[in-house]
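Undergrad: Please take these sequences and the hints and turn them into a complete structure.
2 protein chains.
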Amino acid sequence: MKNLTLALDAMGGDHGPYITVPAAVQALKSHPNLHFILVGDKTEINRYLSAHTEDFLHRIEIVHTTEVVAMNDRPIHALRFKKNSSMRLALELVKDGRAQACVSAGNTGALMAMSKVILKTLPGIDRPALVSCLPAVTGEPVYLLDLGANVACDSETLFQFAVMGSVLCEAIHQKAHPKVALLNVGIEENKGNGQVQEAGQILQHTDQINYVGFVEGDELYTGKVDVIVCDGFVGNITLKTSEGIAKLLVHQLKTGLKDGFVVRLLSKLIAPRIQNVLSKMNPDHYNGASLIGLRGIVVKSHGNADEAAFLQAINLAATEAKRRLPEMINDRLESILLDINS
Amino acid sequence: MKNLTLALDAMGGDHGPYITVPAAVQALKSHPNLHFILVGDKTEINRYLSAHTEDFLHRIEIVHTTEVVAMNDRPIHALRFKKNSSMRLALELVKDGRAQACVSAGNTGALMAMSKVILKTLPGIDRPALVSCLPAVTGEPVYLLDLGANVACDSETLFQFAVMGSVLCEAIHQKAHPKVALLNVGIEENKGNGQVQEAGQILQHTDQINYVGFVEGDELYTGKVDVIVCDGFVGNITLKTSEGIAKLLVHQLKTGLKDGFVVRLLSKLIAPRIQNVLSKMNPDHYNGASLIGLRGIVVKSHGNADEAAFLQAINLAATEAKRRLPEMINDRLESILLDINS
Chain A
90 MKNLTLALDA MGGDHGPYIT VPAAVQALKS HPNLHFILVG DKTEINRYLS AHTEDFLHRI
150 EIVHTTEVVA MNDRPIHALR FKKNSSMRLA LELVKDGRAQ ACVSAGNTGA LMAMSKVILK
210 TLPGIDRPAL VSCLPAVTGE PVYLLDLGAN VACDSETLFQ FAVMGSVLCE AIHQKAHPKV
270 ALLNVGIEEN KGNGQVQEAG QILQHTDQIN YVGFVEGDEL YTGKVDVIVC DGFVGNITLK
330 TSEGIAKLLV HQLKTGLKDG FVVRLLSKLI APRIQNVLSK MNPDHYNGAS LIGLRGIVVK
390 SHGNADEAAF LQAINLAATE AKRRLPEMIN DRLESILLDI NS
Chain B
90 MKNLTLALDA MGGDHGPYIT VPAAVQALKS HPNLHFILVG DKTEINRYLS AHTEDFLHRI
150 EIVHTTEVVA MNDRPIHALR FKKNSSMRLA LELVKDGRAQ ACVSAGNTGA LMAMSKVILK
210 TLPGIDRPAL VSCLPAVTGE PVYLLDLGAN VACDSETLFQ FAVMGSVLCE AIHQKAHPKV
270 ALLNVGIEEN KGNGQVQEAG QILQHTDQIN YVGFVEGDEL YTGKVDVIVC DGFVGNITLK
330 TSEGIAKLLV HQLKTGLKDG FVVRLLSKLI APRIQNVLSK MNPDHYNGAS LIGLRGIVVK
390 SHGNADEAAF LQAINLAATE AKRRLPEMIN DRLESILLDI NS
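Protein chains in written order, with our numbering: chain A, 90 to 431; chain B, 90 to 431.
Think of the hints as simulated: they come from the structure by calculation, not from any bench. Treat each hint with caution, since some may be false.
Said to hold, decoys possible - Partner residues are not named here, just some residues of chain A that face chain B (Cβ under 8 Å, in silico):
#	residue
1	G281
2	G306
3	Y310
4	E332
Computed from a predicted structure; not experimentally measured. By construction, the Cβ of each residue, glycine as well, lies at the ideal position given by its N, Cα and C atoms.
TA: Right under this line is the structure:
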């Protein structure tokens, strides 16, 4: 593996360097050719570095800044007034070619807005999309996009998302001809709104994409398809609903299992098993949403990710960088557009 | 209780009279003033009637027809060519005042289209909405609408849904000043698409509705609010996603709990408890979606509802009829519109 440099927004997320710095050190331990540029408050960062072995320090560079994007900053505000923030400087390192990818657990809206302005979208892509993996019954990941970068999408945008999702699944999961579907309120061709129906028409005539039609919400977790496309309004609500129902089930299991002595005893013995199953539903287990369609790699971690979860986001960014995801998406899109116009 | 007559689409659903007729007989047993008009194939209906006690036969009338709306009939096809279908005749009984409500487990799209054409919407209501209850952590029901009657909604329609949902919650759940929220991708005022933001503005200025703002998908099952409003595209996918994730959890629990002797033994002992908890998540347990905003009462049962679930749909229709739901919605809407215009 060639040398790889990742830019980390060390101050982003609920816990900042307390989580991001130890996660970076963990990553350095397992990847001998990995380097980090940690962007943020030098004093803060060093506090969490000194606690670790010094063997890896030569692969860490610090870019000092004290400005941070707050979790509740409006994207437009962050864009205008946080030009020296750790988030922005990390993205600029990618733009300048000093880092091959950026990882941040900071404000999602600000990260999306800044990424689009600083890195720009690929030719032929109107808007970047936020994409993540869901855990399916089959154990295979299912890629869902968009997760909230775009609250309204026309058919062309949905089509672009389908292409990007397909390439991402091929690149990261190394699956040939991933099955791509549009999320809809029914599987029949006449179902849904105009955007979804039109996007379906375009995809049906795109030979290079393995488009399999519409799927309904209950197919999100069956693993029947590999990539599911929807607008960001639907995607965000779908993902949050899933988190909500998982929490409800945990609650109901706990309540349902606590009454009666024998049952209480059994519950205690079996609780770790149930917790283990439910932890697989924990979004932090599948941490790292990719912002794709840009001329650079940006991975968004959950704001409240712990060290292990943030490490997953780092690993995802490293994999995307190794596989040169933006170039792959660009090549595929060019080839598809040539195909359509020929 | 005054006499109450319900019109049943006896042929609707996956099982037709095999389920609908015994459920009707069950309802007659517990409601002495209830009457049924069963619409469908007389021979088929009588087959399932004869098996039951004859004590209730004087409260059952049969309207014979052999035409049925198929589960895969397109709404427009059903509307044009199924004028003697059990579904349509049942709705016409409500229109003619011979029944106070209609219950059907048939094709949802056809039922919505026919209801709108035959019963018409209330003054001030552009489109009927499909609404159902979700089971929340608190044990209180949460009303979610629209569930798929309208794939695209403007702000005015979302506002009307909010009013109807609020009145429904008051009428059926007898809760004063139910908390009403709009489903969105964030809770801040600037979040979401234009329709949702505008609807929020209108609702903020509507004193008679206890509007509490936006909620995200993970609040669907917390019980923090009583009524959640969204368009039918989002509502349908949200509901189906919930079903999907519940199925995934059952699958993962079963897989996770089956290995190891002690664990297997414990699982066997505790399995009924877990099943009991999960059955509460079963949509059939919360069976019966109301089609509201019409000049008559229509309750839609799941197509694959069993006898107990179909009985729930019947009970819901009876409650709505007793409380005169369409008149309540009409009165409230009139009062709100007067308020706004004054």
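Undergrad: Now, for every hint given, state plainly whether the structure supports it.
TA: Here is what the structure says about each hint:
no.	hint	in the structure
1	G281	holds (6 Å)
2	G306	holds (3 Å)
3	Y310	holds (4 Å)
4	E332	holds (5 Å)
Every hint, counting from the list given before, is met by this structure.
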